[in-house]
Amino acid sequence: MRPGSNVLMGRNPLGTWVQGPGGGADFSHPFTVFPSSAGARVSRGLVIANIAVEPVIGKVPIGGDDKNPQPVLNLDDSLVDDLGQSWVCVLVIPNADGKLDAKPDKPQVTVVQRAFPIALTGKGGLVPLALLLRRNGHWQVFQIAMFHFRYETSQPASGPRKHFFL
Amino acid sequence: MTPPLRVSHNTLLTQNSLGSTISMSRHRGWGHPWLTEPKWMPKKKAWAAFVVAGFVNGTAPMVRTTAGDMREANGTFYGQLVDAMTGAAEIKQLAQLVAATDDTSGLPDKTVIDVPLYKAPPVSLSEWRAIGWDGSAAVPLFFQDRGVNKPKSSTIQQGEVIKIVAGNLAPPPGNRLLRACDIFLHQPRTALTSSLSTTTSGMATGMTLVTQTLSFRPAAPNEMLKIQTGTFSAFQQNSLNFTAATNAMASNYEEKNWDELLVSTVYLMSPPNTPPGSQPDSTWQAFAKHNLFWNIYWAQPAVQPFFNTDIFRSITGLVSVLGAGAGTTAVNSITASINDATQGALNLLQAQSLAGTFWTPTGGGTTSTYPATVAAPAKPTLDKAADAVAKARAKAKLISSLDPAFPYEGQKFNLSLLT
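Line by line, the protein sequences are chains A and B. Take the first sequence: its letters are residues 1 to 166, numbered as in the working numbering. Take the second sequence: its letters are residues 1 to 419, numbered as in the working numbering.
In case anyone wonders, no lab produced these hints; they're calculated from the structure. Just so it is clear, the structure is predicted and the values come from calculations on it, not from any experiment. The beta-carbon is built from N, C-alpha and C at its ideal position, and this holds for glycine as well. You may find that some hints are simply not true.
Which bits of chain B does chain A cover? Going by a derived footprint, with three or more residues having C-beta under 8 Å, they are [what the hints assert, rightly or not]:
id, segment
1, 54–63
2, 285–297
3, 357–363
4, 413–419
Reference listing, derived: stretches of chain A covered by chain B, where coverage requires no fewer than 3 residues with Cβ under 8 Å from a Cβ of chain B [unchecked claim]:
id, segment
5, 111–123
6, 152–159
Taking the hints into account, I'd like the entire structure generated from these sequences.
The following block contains the structure:
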């Protein structure tokens, strides 16, 4: 056996090893979704409104904090649409003034799983981070969000509140 | 006994008299959403594009293709029309298609199916427009530096047929031909419609009553977010479907009930000395120029059932009629003010337009740049030779790629959506 293009090959007492160029992304960005058998982890990202807020899973920031490791979002196999698609999203529910509170009683910016990707009107705004497809017993991920989000909201004179992620 | 060595993804195993050789594909790096790769499909004898999955509002657009093209594209579709990534709606659609045919072992090659972009369907490219010597459009500098000559004025294109209508100029030696085909997003939406009626109130007053009624037309029932190919029109990119030249008073008017956005343009460049008017084949070289680099979001203005305008009020006042479920506005004007009314009607259409906006979230607000991509030009120095080299390098960098350098710009957000 000889190495060809893009291959390193060697021998050691354990046998022959072959090394090739790794695949995958070399662009590190916020809100990267990593699925696992336990659920999904999300790399640190911010929702920037009147204050910058890191979304939480449960009550722990998605990147973890001094007391807690990076939290895991439990994924529900049944939470899919007609095409078998599911989304990991950020849900933002501002206060009555359309602002985010520094110390809210209840988390205002959370990471959730939904069977639909987006909501730009209503009490809360929903923006997708990644599309999930169930494949051979595992979740396949298609990353959607690649930057922090600037969050803007407005309340029309009539009708539901608008939410935009810029 | 050691089991035989087998190859997996992106690996090539060859054997000759010297033994076995294992090779691997080079790591291609990060591919942005909407990255377009043109490929020749030998069985179909046509060019197709493969587009890295991009998302609009978190949803992948559909690509209309055929079962035969899917089979040729990925080689595994036959007999596996339903895989682990197939959802209930797709299974239902495929089951109906299979049931409609006598051959249940697989769909006939020509069966039309809609496939999400993340399944890497081939985007068929067929409506090529001629650019360069036997075409009409301007030739990008990138291709001029590769031997494509500027268009000769005496050629026209009628559909897929390219005719030389006048002159008998011979192509320059080494001339290359150029063809282009756009790939763009098609987003259905609700549209604005305007209908006009004119009545004369009587000889005594000499007044003419012009009534403009605005209403809404929903997207067609079977429309969906999809990928289309052909020639992308500039006004579609503008997202405003009418211009100042449109005479809104002349006739009934309907906005298009879709928005479109250019994803990329695929260019095919011929070998040197190809006869003018030739159709592209596998010997042509393919390039892609991208317009989209990031996943995007889309929204359209909220439907406002009532609109008030001072222009019309200053003429005769505004009469508003609210219909069942749809809002309409009736406008009266007098004959002497017909020009004002024309402009007013156009303003009304523009103000009420339901044209949507695509944008890229940047995290920075309404800007689409991360960070500034335009570098300040280098200041001239006393070293003229070094300046000339720097200038030559800058030019080489400019023409070496059809796409801008990373980080790519996004689509700007339309602030009026916030109101």
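Hint-by-hint comparison with the structure:
Against chain A, the segment 54–63 of chain B contributes 5 residues with a C-beta closer than 8 Å to a partner C-beta. That satisfies the three-residue criterion, and the hint holds. Residues of the segment 285–297 of chain B with a Cβ under 8 Å from some Cβ of chain A number 3, which satisfies the need for three, so the listed coverage holds. Counting residues of the segment 357–363 of chain B whose beta carbon lies closer than 8 Å to any beta carbon of chain A gives 4, which reaches the threshold of three, so the coverage claim holds. With a threshold of 8 Å between beta carbons, the proposed coverage of the segment 413–419 of chain B by chain A holds, since 4 of its residues qualify and at least three are required.
Given as covered by chain B, the segment 111–123 of chain A passes the check, having 3 residues with a CB less than 8 Å from a CB of that chain where 3 are the minimum. Remark: the segment 152–159 of chain A is confirmed as covered by chain B, as 4 of its residues place a Cβ nearer than 8 Å to a Cβ of that chain, reaching the required three.
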